[in-house]
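J.: If you're matching them up, the sequences are chains A and B in order. Number 203 in the working numbering belongs to position 203 of the first sequence; there are no gaps in the numbering. To convert a position in the second sequence, counted from 1, into the working numbering, add 208.
By construction, these hints were calculated from the structure, which means they are not laboratory data. Ideal placement from N, C-alpha and C gives every residue a C-beta, glycine not left out. There's no promise every hint is true.
What the hints assert, rightly or not - Derived pair list, reagent style BS3-like, types lysine-lysine, alpha-carbon separation capped at 25 Å:
#: 1; chain 1: B; residue 1: Lys-284; chain 2: A; residue 2: Lys-157
#: 2; chain 1: B; residue 1: Lys-398; chain 2: B; residue 2: Lys-456
#: 3; chain 1: A; residue 1: Lys-155; chain 2: B; residue 2: Lys-284
#: 4; chain 1: A; residue 1: Lys-141; chain 2: A; residue 2: Lys-53
#: 5; chain 1: A; residue 1: Lys-155; chain 2: A; residue 2: Lys-63
#: 6; chain 1: B; residue 1: Lys-419; chain 2: B; residue 2: Lys-308
#: 7; chain 1: A; residue 1: Lys-62; chain 2: B; residue 2: Lys-283
#: 8; chain 1: A; residue 1: Lys-63; chain 2: B; residue 2: Lys-283
#: 9; chain 1: B; residue 1: Lys-283; chain 2: A; residue 2: Lys-152
#: 10; chain 1: B; residue 1: Lys-305; chain 2: B; residue 2: Lys-500
#: 11; chain 1: B; residue 1: Lys-419; chain 2: B; residue 2: Lys-456
#: 12; chain 1: B; residue 1: Lys-305; chain 2: A; residue 2: Lys-187
#: 13; chain 1: B; residue 1: Lys-283; chain 2: A; residue 2: Lys-157
#: 14; chain 1: B; residue 1: Lys-283; chain 2: B; residue 2: Lys-438
#: 15; chain 1: A; residue 1: Lys-153; chain 2: B; residue 2: Lys-284
#: 16; chain 1: B; residue 1: Lys-284; chain 2: A; residue 2: Lys-62
#: 17; chain 1: B; residue 1: Lys-283; chain 2: A; residue 2: Lys-153
#: 18; chain 1: B; residue 1: Lys-438; chain 2: B; residue 2: Lys-402
#: 19; chain 1: A; residue 1: Lys-163; chain 2: B; residue 2: Lys-283
#: 20; chain 1: B; residue 1: Lys-438; chain 2: A; residue 2: Lys-187
#: 21; chain 1: A; residue 1: Lys-91; chain 2: B; residue 2: Lys-324
#: 22; chain 1: A; residue 1: Lys-143; chain 2: A; residue 2: Lys-62
#: 23; chain 1: B; residue 1: Lys-284; chain 2: A; residue 2: Lys-163
#: 24; chain 1: A; residue 1: Lys-143; chain 2: A; residue 2: Lys-153
#: 25; chain 1: A; residue 1: Lys-152; chain 2: B; residue 2: Lys-284
#: 26; chain 1: A; residue 1: Lys-62; chain 2: A; residue 2: Lys-153
#: 27; chain 1: A; residue 1: Lys-163; chain 2: A; residue 2: Lys-152
#: 28; chain 1: B; residue 1: Lys-284; chain 2: A; residue 2: Lys-63
#: 29; chain 1: B; residue 1: Lys-324; chain 2: B; residue 2: Lys-308
#: 30; chain 1: B; residue 1: Lys-401; chain 2: B; residue 2: Lys-284
#: 31; chain 1: B; residue 1: Lys-305; chain 2: B; residue 2: Lys-405
#: 32; chain 1: A; residue 1: Lys-187; chain 2: B; residue 2: Lys-398
#: 33; chain 1: B; residue 1: Lys-308; chain 2: A; residue 2: Lys-155
Claimed, not checked - Residues of chain A placed beyond 12 Å of chain B at every Cβ, according to the derived structure:
#: 34; residue: Arg-96
#: 35; residue: Lys-152
#: 36; residue: Arg-160
Here is how the chains run, residue by residue.
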Amino acid sequence: MKSFLRRRYMFSWAGAFKVLTISLLSLGLSIHCIAEINEDPKVDTEGRISWEKYSQQVEELKKSDFRIGLSYIISGSIALGGGILGENLTKDSVERGIYTVFQSIGVASVGYGAYVWKVGGEERSLYDTLALTKGLSSQDKSKVLRAFYFQKKRKEKQERIIKAITHGLVAGLNIYNGSRQNQDGVKNTLMFIGGVNLLAALSYSIDF
Amino acid sequence: MWWRLELFFLFILSAYFFFQPQTSLAQSLAFSRNARTFDSVQSTLFVKGMGHACLSMLRLPDGLPCNPAHVPFQKKPELGIQTLLSNGYSSLSNVRKLIKGEINQELVDGLFSESKIIQIEASADINFKTNLFNARYTPLNVKGFSVVRNEANPDVELSIVEEEGFLFQSGYEVYPNFLIGAQVRTLQRKFIKKRFKLVFLGTSEGKDYLKPETQRALYLEPGFTWIFPKLWNFRVSGMYVNWGDVSKDYADFPIPPELQMSVGFSPPVPWGHLDFSIDYKSLEYDESGLEKIRLGMAYQFGAMHFSTGLDQNGSSAGIYYGLNQINAGVMFSTTRVLNENEEFFTQTVYVQLGWGI
Numbered sequence: 001m002k003s004f005l006r007r008r009y010m011f012s013w014a015g016a017f018k019v020l021t022i023s024l025l026s027l028g029l030s031i032h033c034i035a036e037i038n039e040d041p042k043v044d045t046e047g048r049i050s051w052e053k054y055s056q057q058v059e060e061l062k063k064s065d066f067r068i069g070l071s072y073i074i075s076g077s078i079a080l081g082g083g084i085l086g087e088n089l090t091k092d093s094v095e096r097g098i099y100t101v102f103q104s105i106g107v108a109s110v111g112y113g114a115y116v117w118k119v120g121g122e123e124r125s126l127y128d129t130l131a132l133t134k135g136l137s138s139q140d141k142s143k144v145l146r147a148f149y150f151q152k153k154r155k156e157k158q159e160r161i162i163k164a165i166t167h168g169l170v171a172g173l174n175i176y177n178g179s180r181q182n183q184d185g186v187k188n189t190l191m192f193i194g195g196v197n198l199l200a201a202l203s204y205s206i207d208f
Numbered sequence: 209m210w211w212r213l214e215l216f217f218l219f220i221l222s223a224y225f226f227f228q229p230q231t232s233l234a235q236s237l238a239f240s241r242n243a244r245t246f247d248s249v250q251s252t253l254f255v256k257g258m259g260h261a262c263l264s265m266l267r268l269p270d271g272l273p274c275n276p277a278h279v280p281f282q283k284k285p286e287l288g289i290q291t292l293l294s295n296g297y298s299s300l301s302n303v304r305k306l307i308k309g310e311i312n313q314e315l316v317d318g319l320f321s322e323s324k325i326i327q328i329e330a331s332a333d334i335n336f337k338t339n340l341f342n343a344r345y346t347p348l349n350v351k352g353f354s355v356v357r358n359e360a361n362p363d364v365e366l367s368i369v370e371e372e373g374f375l376f377q378s379g380y381e382v383y384p385n386f387l388i389g390a391q392v393r394t395l396q397r398k399f400i401k402k403r404f405k406l407v408f409l410g411t412s413e414g415k416d417y418l419k420p421e422t423q424r425a426l427y428l429e430p431g432f433t434w435i436f437p438k439l440w441n442f443r444v445s446g447m448y449v450n451w452g453d454v455s456k457d458y459a460d461f462p463i464p465p466e467l468q469m470s471v472g473f474s475p476p477v478p479w480g481h482l483d484f485s486i487d488y489k490s491l492e493y494d495e496s497g498l499e500k501i502r503l504g505m506a507y508q509f510g511a512m513h514f515s516t517g518l519d520q521n522g523s524s525a526g527i528y529y530g531l532n533q534i535n536a537g538v539m540f541s542t543t544r545v546l547n548e549n550e551e552f553f554t555q556t557v558y559v560q561l562g563w564g565i
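Just chain A, same shape as in the assembly (with noise of 0.2 Å):
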């Protein structure tokens, strides 16, 4: 029994699970993620706030970009020192590599920082704006954050979509090829482009 068993499930997965498990897994996961895309836009509480409300949220928020903004440069500036001491430290080129990533990485996080400090994200720029503006009551001003959120997420979910389902074309693709492959080299390449871009495909589908 303890042999079939083996025979059964475990050399099936084990052995060829390169493709199969991934295919399985995939398959049980889209069917999911159609259900998932295919559901009626709804707006959210964030579409539903107000403005008096919304404005305290945005305050806090640039608190919060400020703290996290000066995380990002301070730690974008010792990877850029750390990267420069540690590759003129270092003879191995694989770590000289690494520490130069380290000197991007840190020169980028200097620069998110900085960003996220001084610019932060849309609702910041929502909120000046619509501060700026004149004109406007408190009322008007909850309906266009309320339209705003609505069309927002009506374009981040077609955004998914649309990706998830170039992803899922090109794994699509590189699979069929890997399968048709003799050559092993190949055919492991494909079948792992394939596999990335499934995955890429699954992750853009799933909106949990």
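Given the coordinates of chain A, assemble chain B onto it according to the supplied hints.
T.: Leaving out everything else, chain B in the frame of chain A:
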């Protein structure tokens, strides 16, 4: 100020981690190895940095959580690729030839004659994370370690493992702050674990002696975590690992099931996020009680993730940076290996490079 006391505590603990003399190690010379590379354990750079004390860590920046019960803590879907490499990578090609059975004199000379100790780990992972389930595909994971003793008539201890595997994990919060989860691991591995005289390889029998063994495995590993949010987010975690079936048992490569336990807590700090973790778990089958205790600390600040860990076999510290799509990390570990009554402190450097969408 309360936080100054905590920073002082943090400093003392960090200093302890770094300067603690390493007291034990390889009681026998057999298969002594790097303290952060284990034959049957696959881990990321961050986990290695924490000395594998990760069971109660709710989130890991560079991979899947060690405990499947923590899956719900993933904020948004992520797909990423991570590649890890340790020093000694110049031997990677030769080690892979050996595991493929492509043995010749040039390969033997290259592997065993040039240095006393070879240690290498290389892996590539594709991680997919959501708040309902996580998946990882590992197309390649190679771990190699060899020690050559007695120069007059060299004895070789060799351990090479190459694995390819898939992991799927899911978790759920059944009661407020009480989570359960389970993971399924499938893998197929080739390995060579032998002790032999180097001259023996010159014979025709010697070439067959290094023929790799193969094994397929399927494991089901349940876990839980209980969180006490008011007590610095104190956590108690447990996981039953290596519970499953293998295609064939090998006496020289036992992987027994085990209940692993961990406690962790996250004291508040003015900037960033701090975690401590203490795990009780085996990473090799023949570890003693004290060797199973592993201490880990992690600190996240902006794009930086610092980790450090200590156990009886070594200490480690690593830094990992992740920003948007690209991430990279470097980690250092020190291990004491006994060899011919001499003490070798082997320093191992791991690097990791990743990309995510």
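J.: Now tell me, hint by hint, if it's right for this structure.
T.: Going down the list of hints, with the structure as the test:
Between Lys-284/B and Lys-157/A the CA atoms are separated by roughly 15 Å; this keeps the pair inside 25 Å, and the hint holds. For the suggested pair Lys-398/B and Lys-456/B, the alpha carbons sit about 12 Å apart, so the restraint of at most 25 Å is met. At roughly 18 Å between alpha-carbon atoms, Lys-155/A and Lys-284/B fall within 25 Å of each other, so this suggested pair holds. With a C-alpha separation of about 11 Å, the suggested pair Lys-141/A and Lys-53/A falls inside the 25 Å cut-off, and the hint holds.
A hinted pair counts as satisfied when its Cα atoms are at most 25 Å apart, and Lys-155/A with Lys-63/A does not qualify at roughly 28 Å. Note on Lys-419/B and Lys-308/B: the hinted pairing holds, with a Cα-Cα distance of about 8 Å set against a maximum of 25 Å. Note on Lys-62/A and Lys-283/B: the hinted pairing holds, with a Cα-Cα distance of about 21 Å set against a maximum of 25 Å. Only pairs whose Cα atoms come within 25 Å are accepted, and Lys-63/A paired with Lys-283/B is accepted, the gap being roughly 22 Å.
Restraint check: the Cα-Cα separation between Lys-283/B and Lys-152/A comes to about 20 Å, which is no more than 25 Å; the hinted pair holds. A threshold of 25 Å between alpha carbons decides the hint, and for Lys-305/B with Lys-500/B the separation of about 33 Å lies outside it, so the pair is violated. Restraint check for Lys-419/B and Lys-456/B: satisfied, since their Cα atoms lie roughly 16 Å apart, inside the 25 Å limit. For the hint linking Lys-305/B to Lys-187/A, the alpha-carbon distance of about 20 Å falls within 25 Å, and the restraint holds.
Restraint check: the Cα-Cα separation between Lys-283/B and Lys-157/A comes to about 18 Å, which is no more than 25 Å; the hinted pair holds. For the given pair, Lys-283/B sits about 22 Å from Lys-438/B by alpha-carbon distance, which is consistent with the 25 Å threshold. A hinted pair counts as satisfied when its Cα atoms are at most 25 Å apart, and Lys-153/A with Lys-284/B qualifies at roughly 16 Å. With a CA separation close to 23 Å, the supplied pair Lys-284/B and Lys-62/A stays within the 25 Å bound.
For the suggested pair Lys-283/B and Lys-153/A, the alpha carbons sit about 18 Å apart, so the restraint of at most 25 Å is met. Restraint check for Lys-438/B and Lys-402/B: not satisfied, since their Cα atoms lie roughly 51 Å apart, outside the 25 Å limit. At roughly 20 Å between alpha-carbon atoms, Lys-163/A and Lys-283/B fall within 25 Å of each other, so this suggested pair holds. Taking the CA atoms of Lys-438/B and Lys-187/A, the gap is about 53 Å. The hint is violated against a cut of 25 Å.
With a C-alpha separation of about 21 Å, the suggested pairing of Lys-91/A with Lys-324/B holds against the 25 Å cut-off. Between Lys-143/A and Lys-62/A the CA atoms are separated by roughly 23 Å; this keeps the pair inside 25 Å, and the hint holds. Restraint check for Lys-284/B and Lys-163/A: the C-alpha separation of about 16 Å stays at or below 25 Å, so the hint holds. Pair hint Lys-143/A plus Lys-153/A holds up; C-alpha atoms about 16 Å apart against a cutoff of 25 Å.
Our distance criterion of 25 Å between C-alpha atoms is met by Lys-152/A and Lys-284/B, whose separation comes to about 18 Å. Under the criterion of a C-alpha separation no larger than 25 Å, the hint pairing Lys-62/A with Lys-153/A is consistent with the structure, at around 23 Å. At roughly 16 Å between alpha-carbon atoms, Lys-163/A and Lys-152/A fall within 25 Å of each other, so this suggested pair holds. Restraint check: the Cα-Cα separation between Lys-284/B and Lys-63/A comes to about 23 Å, which is no more than 25 Å; the hinted pair holds.
About 23 Å separates the Cα atoms of Lys-324/B and Lys-308/B, which keeps this hinted pair within 25 Å; it holds. Of the supplied pair hints, the one linking Lys-401/B and Lys-284/B is violated, its CA atoms being roughly 42 Å apart against a limit of 25 Å. Distance check on the hinted pair: Lys-305/B and Lys-405/B sit about 20 Å apart at the alpha-carbon level, within 25 Å; holds. For the given pair, Lys-187/A sits about 21 Å from Lys-398/B by alpha-carbon distance, which is consistent with the 25 Å threshold.
A C-alpha spacing of about 51 Å is found between Lys-308/B and Lys-155/A, which places the hinted pair above 25 Å, so the restraint is violated. For Arg-96/A, the shortest C-beta to C-beta distance to chain B comes to about 10 Å, within the 12 Å cut-off, and the non-interface label is violated. The beta carbon of Lys-152/A sits about 16 Å from the closest Cβ of chain B, which is more than 12 Å, so the claim that it is off the interface holds. Look at Arg-160/A: its CB is around 10 Å from the nearest CB on chain B, not clear of 12 Å, so calling it non-interface is violated.
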